[in-house]
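Chemist: Each chain, letter by letter, is given below.
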Amino acid sequence: MIFLKLIVTNLRCHRVRSLISVAGVAFSVAAMLTVVTVLQGAVGMFSGVLSSDSEIIVFERNVSDLFFSSVPATALGEISHWPMVAHADPVLFGIVSSADHPIITCFGITAADARIRQAAWIAGDRLAFAQHTDDVVLGERAAEFLGARLGDHVPIGHGVFHVIGILKTANGFEDGGVFMPLSSAQAFFHKEGTSSVITIKLRNKEDAALFKSTVKANFSSLIGLEDEEFNRSYSQFKILKATAWAVGGCGLLLGGFGVANTMIMSVFTRIREIAILRVCGFSHMQVAAVIFGESAVVSLAGAVMGLVTGSCLLYALKLVPALHGYIDVTLQPAVLLIVVLLAVITGIAGALYPAAFAMRVRAVEALRFE
Amino acid sequence: MNQLIEQASNQPRIVLRAEGVWKSYDDGTISVLRGVDFEAAEGQTIALCGPSGCGKSTLLHLLGGLDLPDHGHLSVNGIEVNRHRDLLRLLRYEVGFVFQLHNLIPDLTLEENCLIPSVAAGVDRRAAMARLRQLAERTGLADRLGHRIQKLSGGERQRTALCRALMNRPKILLADEPTGSLDEQTSGTVFDLLLDIVATEGVTLVMATHDRGLAARCDRLMEMHEGRIHARVSV
Numbered sequence: 029m030i031f032l033k034l035i036v037t038n039l040r041c042h043r044v045r046s047l048i049s050v051a052g053v054a055f056s057v058a059a060m061l062t063v064v065t066v067l068q069g070a071v072g073m074f075s076g077v078l079s080s081d082s083e084i085i086v087f088e089r090n091v092s093d094l095f096f097s098s099v100p101a102t103a104l105g106e107i108s109h110w111p112m113v114a115h116a117d118p119v120l121f122g123i124v125s126s127a128d129h130p131i132i133t134c135f136g137i138t139a140a141d142a143r144i145r146q147a148a149w150i151a152g153d154r155l156a157f158a159q160h161t162d163d164v165v166l167g168e169r170a171a172e173f174l175g176a177r178l179g180d181h182v183p184i185g186h187g188v189f190h191v192i193g194i195l196k197t198a199n200g201f202e203d204g205g206v207f208m209p210l211s212s213a214q215a216f217f218h219k220e221g222t223s224s225v226i227t228i229k230l231r232n233k234e235d236a237a238l239f240k241s242t243v244k245a246n247f248s249s250l251i252g253l254e255d256e257e258f259n260r261s262y263s264q265f266k267i268l269k270a271t272a273w274a275v276g277g278c279g280l281l282l283g284g285f286g287v288a289n290t291m292i293m294s295v296f297t298r299i300r301e302i303a304i305l306r307v308c309g310f311s312h313m314q315v316a317a318v319i320f321g322e323s324a325v326v327s328l329a330g331a332v333m334g335l336v337t338g339s340c341l342l343y344a345l346k347l348v349p350a351l352h353g354y355i356d357v358t359l360q361p362a363v364l365l366i367v368v369l370l371a372v373i374t375g376i377a378g379a380l381y382p383a384a385f386a387m388r389v390r391a392v393e394a395l396r397f398e
Numbered sequence: 002m003n004q005l006i007e008q009a010s011n012q013p014r015i016v017l018r019a020e021g022v023w024k025s026y027d028d029g030t031i032s033v034l035r036g037v038d039f040e041a042a043e044g045q046t047i048a049l050c051g052p053s054g055c056g057k058s059t060l061l062h063l064l065g066g067l068d069l070p071d072h073g074h075l076s077v078n079g080i081e082v083n084r085h086r087d088l089l090r091l092l093r094y095e096v097g098f099v100f101q102l103h104n105l106i107p108d109l110t111l112e113e114n115c116l117i118p119s120v121a122a123g124v125d126r127r128a129a130m131a132r133l134r135q136l137a138e139r140t141g142l143a144d145r146l147g148h149r150i151q152k153l154s155g156g157e158r159q160r161t162a163l164c165r166a167l168m169n170r171p172k173i174l175l176a177d178e179p180t181g182s183l184d185e186q187t188s189g190t191v192f193d194l195l196l197d198i199v200a201t202e203g204v205t206l207v208m209a210t211h212d213r214g215l216a217a218r219c220d221r222l223m224e225m226h227e228g229r230i231h232a233r234v235s236v
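Chains as they are written, first to last, in the numbering used here: chain A, 29 to 398; chain B, 2 to 236.
In case anyone wonders, no lab produced these hints; they're calculated from the structure.
Please note that a few of the clues may not be correct.
[Unchecked claim] Under 8 Å between C-beta atoms, here's a sample of chain B residues computed to sit facing chain A: (1) 33; (2) 100; (3) 108; (4) 124.
Where a beta carbon is used, it is the ideal one built from N, C-alpha and C, also for glycine.
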């Protein structure tokens, strides 16, 4: 109890300093939580694009980005006839631009694609898709920012396309995208006879290993990965996730410096008090425990404040119409746990030097010091 | 033979011993203690007198394990004071300190300050509280337990320091000018209390003081000068 009192009393006596330190940790935690959640959400959204009604994705081996992947139509023809395959859908990814929007994701797909079959059509008829080469279907948000309605002709890139449908999906990338017939997209992006990926739906999920090994045996330049495997191994996702944790980590590091600064100040201004504790029989470890205790209280308080602030921030981002569907702001328990743990570890690391200093305080000298 | 044994058993037990103790600071440039020999028997009250800088406080610090001598031997209750584990044990159970400046933690209450040694030693809280109440009754602080140190008078603070020093029932009390910061009347009151408590608790008191009047009330007076004990007077 006295132990706790020693910890809390000191923090209470230096309220402003303690609060600044708590705020530093809180902002770091909030930043980390927000960045990690937003980027992981974005990754989840993109992987959701790939795993739409499929379990396996086939793409060119060793490409750094799926936009550069090139899967020949011959492979599609062969794979779609394999007995374990329920259906194989080619998707060609491309980036197009309009006057006000330099980056619009374009999906070159067939009429059989799940996006066309399963999406909620706000306007137009899904049976009309891929009837004409200049026809496009817009996601709801794409239609919104392009100011397009059913039947309009919209300039996209160097071409003008006829809007034959507007559909709504829960995925921001799709909702803000343009859907073209595969052949039109191949011509538009000068990738005739190829697609970026083939998404595979198996008749039996247990055939996944057999399917992957068959791809490997038949197409040396291609690779088949289950969705989960792809999410783990795709370099772009890894870079994004690493970036998120690195940015968040830098924030936490700054928070850690804040804690370290506070704890150093705390120790330097309490040398006499530490000496008194030593004279009263406190061991080095007991003195260090007081310092680490203070640091832990600051870090935990900061972590809790940060979680609340970060959650509010994510909620606010969710309400921004422009971001609707682009980010998944669902808080993942694992992320929460890691962020809190990192905050506490950072806080305790920040107390290492102050604690070591406190342990070295020589009571006899400190008590002489007036 | 029986007479010898009887004589030996009547001899007071030596609880503090310093033999040829030297202590210097700043790499030997400031020599503070120069071969001090010292003994204190159980229950004895000893006053260390002498001019400022003669080494009284340094000797107390060494006796209490707050510092180590350059040369010589120190033992407390037969335990050699030279190892960390011994020092901790010494500070927790064998020795209590009272300083000129009370050295209490101002943001804690009287009760909390006094419980610090019990916390350090891991004493059961209930037992510690019982001991604190007993000491508080003796020192007239029973109604001040919940008060913060800033709210206490100088005399009360020094009495609190005395309570804290005696919490773990040490056998030796080392007091460095315990009444030096108090006015004459309060000083007398606190010192009366100090003598009364050490007598009833059977504690050995070694006190550094400039006050000859107080020193004269101790069992022995040791005169220090330039790092040595020059005169030992049994009062």
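Chemist: When the hints from earlier in the document are held up against this structure, which numbers fail?
Modeler: 1, 4
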